[in-house]
Amino acid sequence: MENKSEDKTLLSYLELVESISCEILSCENKIQNLQDATAATYEGIAENLPKIMDRIDSDNEEACALIEYFISDDESLSGPSVVIETLDAAKKTFEEVSVSIRQMFKKDQHHFKQISDKIGEIENLRKSIFEIVEISNDIELLSYNSVFVASQAGSSGAAFTYIATEIKSLSNQTKSLAYKMRQSSDKLMDNYKIFNDESDSINHSIKSRLNNLDQDLSGVFDKYFSGLKNIAMLIKQTLDRASDAKNHVPAIMMSLQAQDLIRQLLDQISLINNDLATKTHKQLLISSSESGQLKSIEESSAKSYARAHLAKSILNRVTRKLSLSVDDFDRKLRVLRQDLNDVEQDRVTMIDFFSNRQSGLTNKSSIELIFDESAQVLNELVEFINSSTRKKREASHHGLNLKQTLAEIESNFENMRGIIKQFNIIKVISKMEIAREAFLSDNITASSEMFEELTHRMDKNIVIVRSQLDYINHNITSSLDELENNIGEQEKIIVDASGKMQTSIDNLDSMRNNLNETIKSVGKESTVLFELLDESIAGTEKIRNIIDTVKIVSGRYETILEKLDSFRSECKKQSTGVFTQPFDISRFEDLVKIDQAFSVYTIHDDGNNDSTKSITEGNEGAGELVMF
Amino acid sequence: MDITITPTDAAITARISGPITEQDGESLKKAFSELLAASQKQVELDLSMVPIITSTGIGKLILLFRKLKAQARELKIKAINDNLYEMFASINLDRMLKIERN
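Chains as they are written, first to last, in this note's numbering: chain A, 1 to 628; chain B, 1 to 102.
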């Protein structure tokens, strides 16, 4: 009767073992799936993380290189940048031009002053010419008087009437010439005034421009240097910020490695599953051939129960830790993405402002505006220098008018001298006539004497005018010649300087376009970087889903436990005293060891620096893994 | 960096004190979001107590200006530190933003 009952229990237990084996197989499949899927995902993420770091590095390296090549002012890096070099060259050119303009201005001032000083001389000349006109008027009056006196003298005055008529005729010519000379001297004065006014105006404008020139030039180049330096600095800051965000990556890798270590603990469950499936069978086979089967069944079912319980417990602990670890990893990954996204947004916004047209900046980019406004000042300077030279040339043309007027005065003067010679001849004839006709009236004699005196005065004035003319002519001509030569030289210098300045402006203009395009490329979105990050974030989501699926396995262990519990309860009812022993882990030393030795890896934060983070394993035999 | 936001009927004013550095990105973003969500048409920034600003601040400032403009609202810098103004002027930001100097 007892044997029959034991057989029944054995059969029932064998059926239960079969059913448990099926459940175990299903659990094992799920765990294997979790193992494989998570391993593949970890591998994918682990491959991505160095790529993310490399991507940040390469993006930054490229952008830094461009910035340094174009606008960095740190010569220790790779020598002066292209823009700084171009700006320095342009600055040097403009400074040289500034020095040349100052030297030319000094020379111009000297020549203009020389010519201005001649105003007193021209005034004296005018006075002398006016005096000649006065004398000429007196001679004319005298000639009328002489004709009248001679006609009263009768036949004795006949010769003198002829002389008086001649004097009158010469006097008319003198008057006409004196009038022309006066007109010429007025013209000389007018031309002189025009020349002088223009010289003053040119000098004044050059002087005031020179006063502001250094300030303007330094303003222009300061704007270039400070503007571009600040742009470079701001871009560099965003690149540094991206590099700083990279510091999150070691901690993320640490978290990933921790997950992988936790995942590997699933191997332990597989071992227990294997024991559950194989050792139970083995034990049963032994039990069936031995006496005291019930005792063996009791021990086998108790150990199976303890194994299933241990497997469930480990699975729960692993999945819980894995979930926490995935959450931590996901959070860190999202913080990195957010940080990089923030930097990216700032960079893209700034780069757009620096290099794309802005409605608030007269439809120009910030860089274009820096270049264009500065170029405008430089262009104005070039135009000013060119127009000053043109004006000086025009002023010198008025100087030519001066020379022409002087030539006119000189030619009239020569004619005057011819007339004076005739006056002198008449004077001699007149004296001879007076000597011959001793009885000539006192009036005729007085007229003759007066004529002699006037002729003498005229002579004297002519000598004065001659000397004044010579003096003025010589000085004005030589000053004008010097001015002409100086302007000629200046024109050559200005043509050369204008060319250089224009080249500098053109260089800056082409630099402006290159720089604008370069900065745009620094602002390009790092799509690859974000794709890698998103891929990794999607990976964590996948792991989370797998963990959720594995949680179902825990339910299967629960079913196994229920079945075993129910089996043992039934056995307990039928076989008094055999199934009364406890059936938890504590009864089996080997399982207790597994349970105690089993631990879940945890991350310890040893400080602020991510590189000091370590992973320790459990309580006993805790190892430390320093990852970075 | 500290930010104090004071709303009135006519305007909402954010007074920022201290240098704006990389660490201030989040709080600046939060404060600017508050300004963007406010109903006042006029948004004012008092930067008189800000001696320096990094790319974090510049990027977000330009973005704030654009978003307010898109909302047909106005951004005014009602006070600014001299250092900051020089920096803004060097990159022509003074041309785009309405700035009142002390």
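None of these hints come from the bench; they were simulated from the model. Glycine included, every Cβ here is placed at the ideal spot set by N, Cα and C. Please note that a few of the clues may not be correct.
In silico DSSO-like links for lysine-lysine, alpha-carbon gap of 30 Å or less [stated by the list, open to error]:
1) K29/B with K364/A
2) K236/A with K76/B
3) K8/A with K78/B
4) K69/B with K223/A
5) K364/A with K69/B
6) K236/A with K29/B
7) K175/A with K78/B
8) K30/B with K236/A
9) K236/A with K41/B
10) K421/A with K76/B
11) K78/B with K229/A
Covered by chain B, according to a simulated footprint, are these stretches of chain A (three or more residues, beta-carbon under 8 Å) [claimed, not checked]:
12) 335-347
13) 505-516
So, against the hints stated earlier in the document, which numbers end up violated here? Hints 3, 7, 9, 10, 13 are the ones this structure does not satisfy, whereas the remaining hints hold.
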